[in-house]
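Q: The primary structure of each chain is shown beneath.
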Amino acid sequence: MSVKIAKKNNGVKRGLAASIIDKIGLPTLIIAAFFAAVMITAVVLKQSIPVLISDILRRFGMNGVLVLAMVPAIRSGTGPNFALPVGIICGLLAWTIGIEMGLTGIKLVLVVALMATVFAVIAGYLYGRLLNAVKGAEMAIATYTGFSIVGFMALVWLIAPFKSKQMGWMMGSGLRETIKLEGVGAAQIFNKFLSFEVLGITVPTGMLLIFFAFCLLIWLFFRTKTGIAITAGGNNPEFAAASGINIDRNRIIANIISTVLGALGIIIYSQSYGYFQLYSGPLMMAFPAVAGVLIGGATASKANVSHVIIGTFLFQGLLTASAPLANQLFEGSDLSEILRMVLQNGIILYALTQVKGGGK
Amino acid sequence: MKKAKGLLARFNTSYLIDNIVPIIFIGFTLAGFIVAKGLPINFFLSELTSRFYRNAFLVLSLLIPVVAGLGLNFGIVIGAMSGQLAILIVRYLSIDYLHLSGTWELILCFALALPIAAFVGFLTGRLFNKTRGQEMIASLIAGFFANGVYQFLLLFVVGVIIPVRATHPIIKPDGVGVRMTVDMGGLHYALDRIFRVPFMWAVLVVSLLVLALVVVMYLVRRKRGQQGSLVSFIIKVALLAGLACFSLYSIATNSRLMYVRQVPVVTVILIALLCVFNELIMKTKLGQDFRSVGQSQHIAAANGINVDRTRVIAVVISTVLAAWGQIAYVQDMGTLNVYGAHSQIGMFSVAALLVGGASVRKATVPQALIGTLLFHSMFIMSPEIGKAVFGNALLGEYFRTFMAYGVIGLALGIYAWNANRKSRITLDPEPVKEANS
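Protein chains in written order, with the working numbering: chain A, 21 to 380; chain B, 281 to 717.
Heads up, a few of these hints could be off.
[Said to hold, decoys possible] Here are the simulated EDC-like pairs of lysine to aspartate or glutamate, each with C-alpha atoms no more than 20 Å apart in a straight line:
1. A/K212 to A/E202
2. B/K452 to A/E351
3. B/K702 to A/D268
4. A/K183 to A/E120
5. B/K317 to B/E677
6. B/K317 to B/E327
7. B/K410 to B/D588
8. B/K452 to B/D376
9. B/K452 to A/D354
10. A/K66 to A/E351
11. B/K452 to B/D463
12. B/K702 to A/E258
I should point out that these hints are in silico values taken from the structure, not numbers from a laboratory.
Extracted from the complex, chain A is given alone in its bound form (with noise of 0.2 Å):
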């Protein structure tokens, strides 16, 4: 079928609109149009830009990692990581273990990333081994593996032994559902590094430069031997495994990657919150990543650094911007939330139904 369309384009000369399409992305034009069509409304309803770039630049910021953390899965050919959760997670227990050890500031920041480095990297292996098991059937079972975990931890967070006043209720026993980061020192703590405001913008320096950095590594990685190889197997696994590359080695590594990703990610993504959410909180936090992702022009087998970059930039830009629109337009409702629900899961779709070996 594939064949068949691109022996067509081959043959008939295209306009640079198609070209300009072809290169960019359909979904990925349809939202940055979106995007500058809500900011243009922002300034013509005299919202407040500088307020509105900084909210934009510090969700980017939150969510670039989480997004990063398809790139590894997607380009080992396992699919966008449905079972983020299970990085997140990670990130969580070690947050909650490194204030219960009952440090603070800067000290628990880098001792909370080096555990939940530590865990993710045991968890990516097993949920590696298990995407080796059930090849093929891997985004179903992705999901409902990142549920299963997400609601096993809510048995632990309500029974662990945690004594910190931080985190536990008043009464009684288990952990509370939202816990600050404020009384530990840890809330926007990469934000406020090197932090600067110009033109009424401040950007959260310390944070983009992290992502920055996660990013740089990730294409750093992926032009190693090993992160050849991992691109290799993913495109043709067949041919990957005529030439002797080990695999499902392979695709256990990128998961453990993008498992340490999501870790590290939640952990970005609640310094800036000021706070992180426990229990069904990490839920469904593996879809807007999988949407950011697509949204910048990957698929479900292809994926850039750069699709991160743009992607996140795109979604969280048009998110942060349609909210205070909607709400002046429509008071008090939930129109922005309802127009992710829709960019999200649509994107998604449109990415399942370009998904190959879609045949009878």
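Given the coordinates of chain A, assemble chain B onto it according to the supplied hints.
A: Chain B alone, transformed into the frame defined by chain A:
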């Protein structure tokens, strides 16, 4: 002798692995009864039967897509939303213009849900044909997507684009959007209250009817000269007679079991009809098409079956049935939680079906019915166990959510793992592709 051998062979380890999920659930419910001693049996049975009347229809609506090879259709939430739309339209019209009685409102709901659900089912089916091999994840995401559209429709289109009376009781006070909860008015119990029978009377009647059926079947078989197993016949008769005597005893002594919720006969008949429908459709040409498409789309297409069309029909039927099931569900609840009643329907129904021992490729009517009972037993027992063992009912509530997710994950995982293992042994790529959905 032959039978005994068969039984023994069935009870090997692979039988255990294949049925791990039902076994866990039976064990859990039994443990619950031992641990939570204070739980009155009439409370348990009332809860369980209520949940069964509400959910069985929805669980049964999942069967046809499984047979047709589409896997577990999480998209029944889309059907449920169609059912709720029909209810809202009927309630709106009935209060303002039609002033119908509850029964007519109900009939109108069923009639109106049919075209709505058939249309969205058609669209979903088309989508599944485009996402072939990934139908389950697509159905899950399609449900989320439809939920967004549904909310947009009811919160912003109603009152802004579609004019409505701002003072209508189901419309928000500011005249835009539908309220969070809508009272069912005459629709409450519209189906249930048509004819109700005390629980033990129903048990008595059903056990006597089944007893008669068993005896007649046995006699007919003997007359035809077929060999029936006398032992299993005697066991069946003894069990049924015992059940009948027990219910007579309960009625005579007015025991606690007489306080179990009355049986809504018409609802039960509808569930039974759906069971019969599911069985009968498999005997038609269409049902055979479902089956062959489910087994192999290649071979079905080679035999001249329009594969895409057959799959769309399967999804349309499933969606319409889910819409009706949701109407039956809501009329039993009494109030419609407009933005939440549908959201977990897909997950719980799928989990219930799997608990009954179904898999991604195989699901039968008994599995759906048994699964509904087992899953909801767990649902009722879970907080009780949490309270009895850990002194924390909340723990039980989290536990049952975890079980629902876990059961689905486990069933999907075991199926794909088995399919991959088989394909590795036979070097046949087909099962891997089959497992894709």
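Q: What are the numbers of the hints that this structure violates, sorted from low to high?
A: Of the numbered hints given earlier, the structure breaks none, since each of them holds.
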